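> Number 66 in the numbering used here belongs to position 66 of the sequence shown; there are no gaps in the numbering.
Think of the hints as simulated: they come from the structure by calculation, not from any bench. Among the clues, some could well be false.
Each computed EDC-like pair below joins lysine to aspartate or glutamate, with the alpha-carbon atoms no more than 16 Å apart [what the hints assert, rightly or not]: (1) K89 / E54; (2) K89 / D36; (3) K27 / E83; (4) K89 / D121; (5) K124 / E83.
Computed Cβ-Cβ distance ranges for the label pairs, DEER-style [as the list claims (entries may be wrong)]: (6) A43 / L113: 17 to 23 Å; (7) E13 / Q127: 29 to 35 Å; (8) L10 / L125: 31 to 37 Å; (9) Y16 / A88: 15 to 21 Å; (10) K27 / R91: 25 to 31 Å; (11) Y16 / E68: 30 to 36 Å; (12) V108 / P84: 28 to 34 Å; (13) D30 / E83: 18 to 24 Å.
All values reported here derive from a predicted model rather than from experimental measurement. All C-beta atoms in this analysis are idealised placements derived from N, C-alpha and C, irrespective of residue type, glycine included.
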Amino acid sequence: MLVPIDRHRLRAEWEYVERGLWAIIDKTSDDWIPADVYAEIRAGVSRLFALEYEGVRIGFVIFQHWPEYHAGPRVFIRAMWCEPGEAAKRRADVYDDLDQYTIEAGAVAMRQLSPRRWDADGWKLKQYVYEREV
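Just need the whole structure built from these sequences, with the hints factored in.
Structure follows, in structure tokens:
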């Protein structure tokens, strides 16, 4: 179940979220820091939800709503993290919740960035992202 975390209560949840964000950064070697995400949530640019099943929090997801640039609006998964092993146990529930959120948001699809492929779960590769430092 997606449990919304009010952006004004973010400080109370932050230690848990920050730990997950650092785990994401360690896997992706990306150049953002958890404080960037904190600012996005507080400003209302991103929305934080706890992933809870049978009263147990297994992780969180952070969404952004992208406008209709393509063939309809998208929900962008800014970050998603679960306690090790928990996502696999609840895979169907998590996908059902993500799908439901996307439908309720009026979006036609979800998007995400990942350091690995997700084809087996119904995700379709849309583009490669390249970066050249200068």
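> Are the hints correct? Go through all of them and say.
Do the hints match the structure? See the list:
1. K89 / E54: 13 Å, holds
2. K89 / D36: 30 Å, violated
3. K27 / E83: 14 Å, holds
4. K89 / D121: Between K89 and D121 the Cα gap is close to 14 Å, so the pair holds against 16 Å.
5. K124 / E83: Violated, at about 25 Å.
6. A43 / L113: 17 to 23 Å: Given range 17 to 23 Å: holds, Cβ gap about 21 Å.
7. E13 / Q127: 29 to 35 Å: 33 Å, holds
8. L10 / L125: 31 to 37 Å: 33 Å, holds
9. Y16 / A88: 15 to 21 Å: Between Y16 and A88, where Cβ atoms are some 20 Å apart, the hint holds.
10. K27 / R91: 25 to 31 Å: 18 Å, violated
11. Y16 / E68: 30 to 36 Å: 33 Å, holds
12. V108 / P84: 28 to 34 Å: 32 Å, holds
13. D30 / E83: 18 to 24 Å: Once the Cβ atoms are compared, 21 Å apart, the range 18 to 24 Å for E83 and D30 holds.
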